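Just need the whole structure built from these sequences, with the hints factored in.
Chains as they are written, first to last, in the numbering used here: chain P, 1 to 115; chain V, 1 to 114.
Since the hints were made in silico from the structure, they are not lab data.
Computed from a predicted model, the values in this text were never measured in an experiment.
This list has only true hints and no planted wrong ones.
Incomplete in silico selection of chain V near chain P, CB under 10 Å:
hint, residue
1, Val4
2, Arg9
3, Gly42
4, Pro43
5, Glu44
6, Phe45
7, Tyr48
Beta-carbon label-pair distances, calculated as ranges:
hint, chain 1, residue 1, chain 2, residue 2, range
8, P, Ala14, V, Ser66, 44 to 54 Å
9, P, Gln45, V, Glu28, 18 to 28 Å
10, P, Ala5, V, Gln50, 25 to 35 Å
11, V, Gly16, P, Asn17, 45 to 55 Å
12, V, Gly16, P, Asn30, 38 to 48 Å
13, V, Thr2, P, Ala5, 26 to 36 Å
All residues carry an ideal CB built from backbone N, CA and C; glycine is no exception.
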Amino acid sequence: AQSVAQPEDQVNVAEGNPLTVKCTYSVSGNPYLFWYVQYPNRGLQFLLKYITGDNLVKGSYGFEAEFNKSQTSFHLKKPSALVSDSALYFCAVRDGPGGSYIPTFGRGTSLIVHP
Amino acid sequence: DTGVSQNPRHKITKRGQNVTFRCDPISEHNRLYWYRQTLGQGPEFLTYFQNEAQLEKSRLLSDRFSAERPKGSFSTLEIQRTEQGDSAMYLCASSREGLTDTQYFGPGTRLTVL
Numbered sequence: 001a002q003s004v005a006q007p008e009d010q011v012n013v014a015e016g017n018p019l020t021v022k023c024t025y026s027v028s029g030n031p032y033l034f035w036y037v038q039y040p041n042r043g044l045q046f047l048l049k050y051i052t053g054d055n056l057v058k059g060s061y062g063f064e065a066e067f068n069k070s071q072t073s074f075h076l077k078k079p080s081a082l083v084s085d086s087a088l089y090f091c092a093v094r095d096g097p098g099g100s101y102i103p104t105f106g107r108g109t110s111l112i113v114h115p
Numbered sequence: 001d002t003g004v005s006q007n008p009r010h011k012i013t014k015r016g017q018n019v020t021f022r023c024d025p026i027s028e029h030n031r032l033y034w035y036r037q038t039l040g041q042g043p044e045f046l047t048y049f050q051n052e053a054q055l056e057k058s059r060l061l062s063d064r065f066s067a068e069r070p071k072g073s074f075s076t077l078e079i080q081r082t083e084q085g086d087s088a089m090y091l092c093a094s095s096r097e098g099l100t101d102t103q104y105f106g107p108g109t110r111l112t113v114l
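Following this line, the structure appears as structure tokens:
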């Protein structure tokens, strides 16, 4: 079975400050990990993914995420937050090679960036 | 590269009516997925197609729900005898068969059952 946890319902950060949105996961094999962003009344937009290789993954809009196998975490980060980054962020996981194609999504974290 | 499109974007219906939603995936993607999303939750998997074959269905997909992808291109999701509990955002995603199968989502169809 695979699962993902986003322990914070909401993250508040001031514009210009660094931001972190947390995600921890559980899979039986090697994980494929994804971050998506959702703006109000819209679908999910793909931000970045970890499949293998470098633990630091860079994605769209200046976001990056760090894969930590020992802590089973894949936290989303950005060095300097923008007001326009305010949105819902979803972490997703699925089993790697040979596993299900269906990812499991977290409940989401609402990021609010204050001017 | 046009993205995933879904129609209609919004649907309001009365309890007991049937509704049908359409999803047009990214053209070169052979895999198509349907999800349901309710307020405060992440997307929950409903069903998945590879080309025209429906390969997996969630236990969430009751017998009132049916999905098709007749020619391996667009897909439809029909809900019969709608209930108020069916009110949700219905999301479609597509991916290209390959190592990572990254899914790209459409804008969703918001269903309200009165």
